[in-house]
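K.L.:
Given next are the chains, with one letter for each unit.
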Amino acid sequence: MAIKTLFVDPSRCIGCRACEAACRECDSHKGESMVMVDFVDRGWSVATQPTVCMHCVDPVAPCAQVCPVLAIQITPEGVVQQAEPSRCIGCRNCVFACPFGVPKFDVEARLMKKCNLCYDRTAQDLKPWCAQACPTQALWYGDYEEFANQRQGRAINLTDFGTQTVRTRVYQVVAAETPALDLAGLLREARAEAGQPERSRQEAWVL
Amino acid sequence: MSVNRGTFVERRDVNEDFQQVGRAPSEWAGADRVPERLVPTHCSFCGVQCAMHLRVADGQVIGVEPRDYPHNRGSLCPKGIVAYQQASHPDRLTHPLIRRGGKGGRLERATWDEALDYIVGRWQAIQAEHGRDAVAVYSGSSMTNEKCYLTGKFARVGLGTRHIDYNGRLCMSSAATAYARAFGIDRSPLPMTDIPLADCIFVAGSNVAECFPIVMQWIWQARDRGASLIVADPRETPIARTADLWLPVRPGTDVALLNVMLRQVIRDGLVDEAYLAARTTGWADVRAAVEEYTPELAERITGVPAERIVAAARLYGRAPTSLIMHARGIEHSTHGINNCLACINLALARGQVGKPGGGTMMITGQGNGQGGREVGQKANQLPGYRHIDVLEERQYIADVWGIPEPELPQEGAAATEMVKLMADGTIKSCLILCSNLMVSLPDNQTVARALDALDPLVVIDFFLSETAERADVVLPGTVWCEDEGTTTNLEGRIVKINRAAEPPGEARRDWQILSELARRMGRGQFFQYAGTRQIFDELRLASKGGVSDYYGVTWEKIDAQDGVFWPCPTEDHPGTPRLFEERFGHPDGRARMSPLRYEPPAEEPSEAYPFRLTTGRVVYHYLSGTQTRRLGFLNAQAPEPWVEIHPMMAERLGIRDHEIVRVRTPRGAMDLKAVVVPTIRPDTLFIPFHYGHLGAANQLTNPAVDPACKIPEYKACAAAVERLDGRPLDLGEGDRAARVNYTPQTDPKMFPYAVGETKTPASQEAKRF
Ligand code: SF4
Ligand code: SF4
Ligand code: SF4
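Residue numbers (this note's numbering), protein chains in the order written: chain L, 1 to 207; chain W, 1001 to 1769.
Bound-form chain W, shown alone (with noise of 0.2 Å):
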């Protein structure tokens, strides 16, 4: 007998060994003849949601198969690919978790009753002493519309709180609002398939290489046509990379940037003015504020030279056709909703607005970032994106949901207020949903805190993520492919999720937890649901006649014609692609344009923190992480953050590539790998923020907020970098001064403000349609 037989035997095929001995072959032979089936559905990660297939065998999802599909044509980033992997992951939440002992103790398991009555008896008695708003809704925003929906409906009519709103706030809450105040509609007014048909494509602050990957095909397929392609961004990602022009803007200087386009724009009598005077109002005012925007001062600014900007303007300029793409790179800003709104002045200027393959478009970065915020539940927007505070439209939904009036909560406190609010102790006990705010919010010291202040925290979550964590009681959820529903991708097409699997353990789909809460709370009459369809049809009638009309869609029609784009106000109506072809959204139809000046990012760089630090995405993760750092290809690929540094810059300061290095803001320090590439600007860092605890790139992140629609300011902080075996790290007072232009606690004015009083004046404008 060899000596390897040992190995041989066990890598011998079993059933061979099993015929041999006279038994039945099994196992892998059997299970191979187990049907499968194939469940259409869309990828629970980003904005663009792919169509896919789930294979179904068993009850389990076993893997993928390609779909085809208007908007991704069968083709998947990795993170779709793997997406199925988590149904099945072992790190699922399958019963109710309790925090024995207090605060300190350990979650343990308990029953649903027990769970829930817990939280029923602490809310009611919290309720009971400090008013209704003491207790919070913090909902996500990659949750189905008729989550969402129910989720709006469960603070304000279950619990009866001001207090709801959503992590869509941290998303692209600035692009929703400058679309409000520019258009009169919060949605992006084209489809991907127009992408191929412009000339020029210009991507504002966006890594739509890594972030949105599907739309780089649609991107090529333009440039296959001859268009030309440029990007503005600090870094050079895979798209700047084969751009024609690369802008390396300095992160927070995005309005000098594109105020000087303009002029340049208005100087070489490029500007549609026949355009201008038909559908805009504003443009003197605009004209006038652009002209002290001269490439040289542009160039002081943002750091990009001159005679490129100029380039730039020009080729956009020249242009028959001219798209401009913008996401987080110029949302997430303290002038979130200035930037915004630079960019559609370049775009109405150019008379491009309405135009097949022209204009701007948002590049909704959730799954269903579109939907979430117009289904109600951020703190200002009732479903149909009604306003909370315009008496008629409380009054419609009020009767929809079968209350009075005055029964309806008024506007509460926006995400980033939350943490104030719970910090201080206004906010007794918060319900989370899908969000992890200990990974997406900034300076998470704070949040820390804040959560740790809560009694009770209750989370609910399908995997046990660095928020659920931090929990006095944990419910298990539902992933994506557990439930059915719609979902509202970047384009406003709404699609339709499958169920493919049932939950795993004593888990439950999320609409029947808030169901059953709001029965324990006394309000069961209200959240009379059979299914999810009973859901959405109470959300079509909510939404109708509102700005996002979903009346007409129905699961079959979005079957039936690949989704359906809202508005689509009657069951005949095909709904409504492109926007804007005749009339803008407001009662004039024309769109407004607003005057920019260009103020610095809420803090800059000094002496003690010489660097601009900005954080992003990498493709392998999506938002905080909890799902896709589980999926084990995912996570090979990125396992943990990093921060790079030029080479200028590393060699000044003695530092190696992947060496250790300690990166410092004025909030706290991290210690990571430096990657030293050539690929950024040298005056700036840059960290991915898909990681927890130690590896969180939001310890070191600035709170401060736009002050209208208070989106807080992750790209642009001031940080300093040094080698571990260097200075020892000191956070006494002299080196804790960055230049600080504002913080939270100065300017903007925080919640709470007086009800039916709003923020700002310039929030205030931006209802006014």
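Same shape as in the complex, but just chain L (with noise of 0.2 Å):
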């Protein structure tokens, strides 16, 4: 059965932190954001990266697999819930455990906090909000299938951590492997015209 799960496409992402701003608005944490997105190099480009709960499913959950006081629900749809606040001990095991480098811990409220894919929401059959205020579409909500059939990329839920590998209930989108667009042909017929050399070393700009 195809389930609804998030679709993470960094390339679209233009770093405008509507998720962010929307996450705050969810009534299970108001006021604080369990995405982040952060500059991949701002040194370099402004190419920025969203990072949300990978919902691991294979290895089930790490982070709630190395909780003592098994605080992290998993739920039967396979979304793991954040620490419950009643049983959380603030070991942040799960911190340290979590291979993408997900949980938050709030010193303040003595918690670990992370995404649970808006679960009163999806519940109802809503988008989670991050997914659903997104002006891109960078963070998607919907099936597998839905998603090869409208978009482009491919969608992988597969890590590979040295010898392990992470099977997540969050796919990530990278980018086809041939460009639809020979733009370099392109380019290369523009400079044969002009009798210049097959491969330039111009730089984007001239000065």
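It should be emphasised that the hints constitute simulated quantities derived from the structure, not laboratory data.
These numbers were taken from a predicted model, which means no experiment stands behind them.
Errors might be hidden in some of the hints.
Claimed, not checked - To give a feel for the contact side, a few chain W residues facing chain L, derived at Cβ under 8 Å: (1) His1053; (2) Cys1077; (3) Glu1236; (4) Pro1248.
Where a beta carbon is used, it is the ideal one built from N, C-alpha and C, also for glycine.
Mind docking these for me? Both chains are given alone in their own frames, and the hints should help you get the complex.
P.N.:
Printed below as a string of structure tokens:
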């Protein structure tokens, strides 16, 4: 059965942080965002990347596995919840266990917090707030077939950490292998006509 | 007892404590049960006007929920998500303020009667002594159509002054003039839902990703279908980063780029001759005019490698359906009209305009930038795009308003010209609505002097903006969700804003303030409105038969059809989402092509000022930032301005990343944090313009304007950068020299022009439709 989940496509992300602003609107953690947007390398590019909990499927939620007091619950649908306040003892094992660096430890509240896929909304078949708001659909909510039919790029949910592979509920989208457009060919053509060398060493701009 | 008991008790659930001592649970447990309702409305910010629901409980706006609508499909950018927090913001103005003790005194609380009496008393005295035109109105465009319409009427009927203009002059008056000149109708020809039909999208001078994030989902939908994307921008913005082809064009050189693209399209035989013959005039001239623009010449002028320009022309020209989207990057220029016309020429040559998904699209910046200029608050326009200097059109509006035609004033000064008239004493008092001149106008030192020369300066606003700080009287108005009305978004779609809350304290709805002022000026009989619906009905009538015909639009219809596109001449007319499918707006139904020459910006780099400075937006802020800088989340992301500089230049000048540097232009200097990034042309600097006081980029920008439409050149002026510990700042005569092509004093002609005289032959031509 096709399950609905998040698809994260950093190539589309414009760093607007609408997802962060939206996540803060949720009643379960009002004022705090469980999704984080980072510049990948501002020294070189304006590229940004949103980070959400990947909701690990196999091995099932390492964060939950290491929790000594079973504070992190996993729903029958495979959504990994944030630590239950009445149980969490603040040991931060989850923070260290997560391969994706997701859980945030709230020192004030002495509680681990993370994305729970807007469980209150998704259980009612609404989109999570971040994907709902995201103006570029860099964060997109739906099922795999729908994604493959509508969008370019390859959605993958396997991540290798050394020898271990983690399968997640959430997908990351990477570029399609063959670009649709032969831009290099187009530039070569223009250069050849102008009698210029095959390869240009020119910067993007001419000063 | 634990030593931590204090902390422990503090953190404890209070209701449990209360229950233990036998008191009923209260506070948040009770508050949770307050019934909540959803009010459908639209975002108060940019021209997209995203639909949203406001969550309202107990008369307070407490949050936002997504609302599906054809153009935003439930998405919002960060500004839209937190917009609701303005309503109960602690900075809201809740009572009138008067500056006691004259200039230099302090703004103090006053009653409405006191404030209004003072204003009206002064206005009457000024007008009796210096004539009606000595009082001016300068309004905004982030207001409903009803408010914009009423402002235009208030100025001309209530005050009888010719000087009314609005900040849309600073935004896209060049695109408006270009569209009127070329197509006969000033509106984006396509709905946003058409964008995915394009096979090639050329974004010229628009940081779409940051300024109109919602438009990105449509562009990506096109790209998912295989469309290619070309972006022309001096900075590698988030949309340029993922484009197929980025043209890092030198600021202010767009005509050269677009002309050479057209020349290449002609060379490659990609021109649609049949379309040109059937639907346009002036093609032969255009064809001849672009001939001299070789790729090599364009490379020298624009700084983009020739091969890239040729590749762009081919990518654009070979696509069956192609769309050019343009915004402030090319419009904020002393050649703004020509830049837009160059885009139009290219699209017409390819036979694209009028095709679903093809042609050109201007992206309106302000929330109601489109509606604001249609309903008669522009110096030269009456409601329905009627011309103020055409007798029949004046007569029609005079009849709707119930005044004799000769009483209707003639064209007044444009917003950018008003500053000059304030400074030289021609305008003695000005009413400013929802506009922040101190941040938004170029060369703000001059603006400050002009505003301080006014007595009184009256401001209606809901926060104390940088401009309101200088006012003599401040009247507290309302934010968008406290009133109802309509706005017209960047597609020409008229949408309905609904009321979700009441104005706080003594604040009043702006239309009530204006009506009251008119009553006290003795013109109350023309301003008898029970509500905004009546104003809208009058506006419908005033626009009837005009270019932007709203007559068939009703509030009910807007709700029923998810917005109505003008023109909509009758009540059973569904509206017009796509223009120009069969004919253009000129009487002969043909589009006008204009031969264009490249001319350099008004001010160019020189030895003393080696850089071109360009300004723009960041995604977290809206225009002058009066609203967004007060919202915690947005302000936290970008609390202060910075200057972007290329590593190559930073190294040459010895500037480190995040070091504070001084940026200097012939008009002033400011100290900013340097952000050293390779995503900008090495010969260009960038500063975001949303900040006030010492952070205002407009301390530096050039007030030179486009001769016909009077839009200032925000996007290209000469600038220098220096380290703070380096050479001391010297603004001596020799140092002041930038290469100046012309100044506002030499050319173009500024107000006053004789009554009925139009400014230049070019702008005269713009009216012939
Ligand atoms: S990504 Fe981290 S926080 Fe999320 S389920 Fe996996 S281990 Fe837990
Ligand atoms: S809302 Fe979307 S585009 Fe904006 S920062 Fe988040 S993921 Fe990126
Ligand atoms: S600012 Fe513009 S894009 Fe953002 S939510 Fe408002 S209307 Fe939409």
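K.L.:
Now tell me, hint by hint, if it's right for this structure.
P.N.:
Hints, one by one, checked against the model:
1. His1053: violated (12 Å)
2. Cys1077: With Cβ-Cβ at 5 Å, under 8 Å, it holds.
3. Glu1236: holds (6 Å)
4. Pro1248: Nearest chain L Cβ about 5 Å off; hint holds.
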